[in-house]
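Visitor: In case you want the letters, here they are:
There are 2 protein chains.
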Amino acid sequence: MNTKRIVFSGSGGQGVITAAIILAEAAVIYEGLNAVQTQSYGPEARGGATKADVVISEEPIHYPKVIHPHILVCLTQKAYNNFSGIIHPGGLLLTDSHYVKQERKVDARRVELGMYRAVMDKIGKPIAFNICMLGAMTRLTGLVRAESIMEVLETKIPVDFLEINKRALEIGLQLAETHQ
Amino acid sequence: MNTKRIVFSGSGGQGVITAAIILAEAAVIYEGLNAVQTQSYGPEARGGATKADVVISEEPIHYPKVIHPHILVCLTQKAYNNFSGIIHPGGLLLTDSHYVKQERKVDARRVELGMYRAVMDKIGKPIAFNICMLGAMTRLTGLVRAESIMEVLETKIPVDFLEINKRALEIGLQLAETHQ
Numbered sequence: 001m002n003t004k005r006i007v008f009s010g011s012g013g014q015g016v017i018t019a020a021i022i023l024a025e026a027a028v029i030y031e032g033l034n035a036v037q038t039q040s041y042g043p044e045a046r047g048g049a050t051k052a053d054v055v056i057s058e059e060p061i062h063y064p065k066v067i068h069p070h071i072l073v074c075l076t077q078k079a080y081n082n083f084s085g086i087i088h089p090g091g092l093l094l095t096d097s098h099y100v101k102q103e104r105k106v107d108a109r110r111v112e113l114g115m116y117r118a119v120m121d122k123i124g125k126p127i128a129f130n131i132c133m134l135g136a137m138t139r140l141t142g143l144v145r146a147e148s149i150m151e152v153l154e155t156k157i158p159v160d161f162l163e164i165n166k167r168a169l170e171i172g173l174q175l176a177e178t179h180q
Numbered sequence: 181m182n183t184k185r186i187v188f189s190g191s192g193g194q195g196v197i198t199a200a201i202i203l204a205e206a207a208v209i210y211e212g213l214n215a216v217q218t219q220s221y222g223p224e225a226r227g228g229a230t231k232a233d234v235v236i237s238e239e240p241i242h243y244p245k246v247i248h249p250h251i252l253v254c255l256t257q258k259a260y261n262n263f264s265g266i267i268h269p270g271g272l273l274l275t276d277s278h279y280v281k282q283e284r285k286v287d288a289r290r291v292e293l294g295m296y297r298a299v300m301d302k303i304g305k306p307i308a309f310n311i312c313m314l315g316a317m318t319r320l321t322g323l324v325r326a327e328s329i330m331e332v333l334e335t336k337i338p339v340d341f342l343e344i345n346k347r348a349l350e351i352g353l354q355l356a357e358t359h360q
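Protein sequences, first through last, are from chains E and S. Position 52 of the first sequence, counting from 1, maps to 52 under our numbering, and the rest follow consecutively. Heads up: take any position in the second sequence, counting from 1, add 180, and you land on our numbering.
Bear in mind the hints are in silico, worked out from the structure with no lab data behind them. One or more of the hints may lead you astray.
In silico contact screen, one side only, chain S against chain E (beta carbon under 10 angstroms); selected entries [unchecked claim]:
hint, residue
1, V208
2, L213
3, A215
4, Q217
5, P223
6, I241
7, Y243
8, Q257
9, H268
10, I303
11, P306
12, T335
From chain S, some residues computed to sit far from chain E (all C-beta separations above 10 angstroms) [said to hold, decoys possible]:
hint, residue
13, S191
14, K245
15, K281
16, E327
17, M330
18, H359
Below are the DSS-like pairs computed for lysine-lysine, each with C-alpha atoms no more than 25 angstroms apart in a straight line [stated by the list, open to error]:
hint, chain 1, residue 1, chain 2, residue 2
19, E, K156, S, K336
20, S, K281, E, K156
21, S, K285, E, K156
22, S, K258, S, K245
23, E, K78, S, K258
24, S, K302, S, K346
25, E, K105, E, K122
26, E, K65, S, K302
27, S, K305, S, K258
28, S, K336, E, K166
29, E, K105, S, K346
30, E, K122, E, K156
31, S, K336, E, K125
Glycine included, every Cβ here is placed at the ideal spot set by N, Cα and C.
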């Protein structure tokens, strides 16, 4: 596997940092890869915008920041407006169709999925929206196996919320399946 | 303020990543500083060891990894054995006296506090041990104000656990106070 750079972006409460940590741990603990996960907070953090970077590689990782991500996920319009321009040419740009309208031309595979809507329809509250996104991203990219994400969920998520999170992961996997 | 580099290290379940994220957000959102927070996962992550880096600065931060921390916290003996050698000369090395015996000579201000014991005595379970550590570190260093940590706790911690976390922060502040 070549080194892959991933950016998750959205607003403070959407769990993008948690999603990035879960992805990194899945890659390292269950796939035998190396990973670095970074939050860079600047002035935009004070406006509630969040951006979390993950670098995954078979090799040691010397530069942890992500400048041009191969995979970019934007979960708010503001995140899309801020970050859609940084995607690596030919990368994957995944957005949520409830929150984001993809208005720009970008040199990327553009995928809009109704992740928020599906979570609200099937779970009834948005608490595992980030995990649904991870499921969709996993299925679209094959970056790590869904089973590896599931293993991390079992070690990190309090038992009362585990079923909901597993369900959200499945919803994301299915949404991306349908899309392909 | 000069740029400060901080490393929290311990085992997987001790919440060192969460502590690092809370510190970074406190610095950025309530102190007007810049911060970068990074996890670098290598083979040691598969053995349960965790290391979380934070860089805090008034200036933009170009290099997010921490090589020689000004402040190093080790919450397990293994973390101490792995990382005590990397501390910046003259830095602060904080350990928990229940988990770590400081056996090495290091060019640093060495502080051992009974954080785990105090949390177990006063709260009865170790769930906010990481927040107690943040309280102690804050008081020892003056890096950010305790009030800024408190503000972040209020936005991030589920309401049912907020009081316990605030209590743990206070316990850490007092422990460090007594030590000084």
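Visitor: Looking back at the numbered hints, which does the structure fail to meet, lowest number first?
Guide: 8, 9, 10, 11, 14, 20, 21, 23, 25, 26, 29
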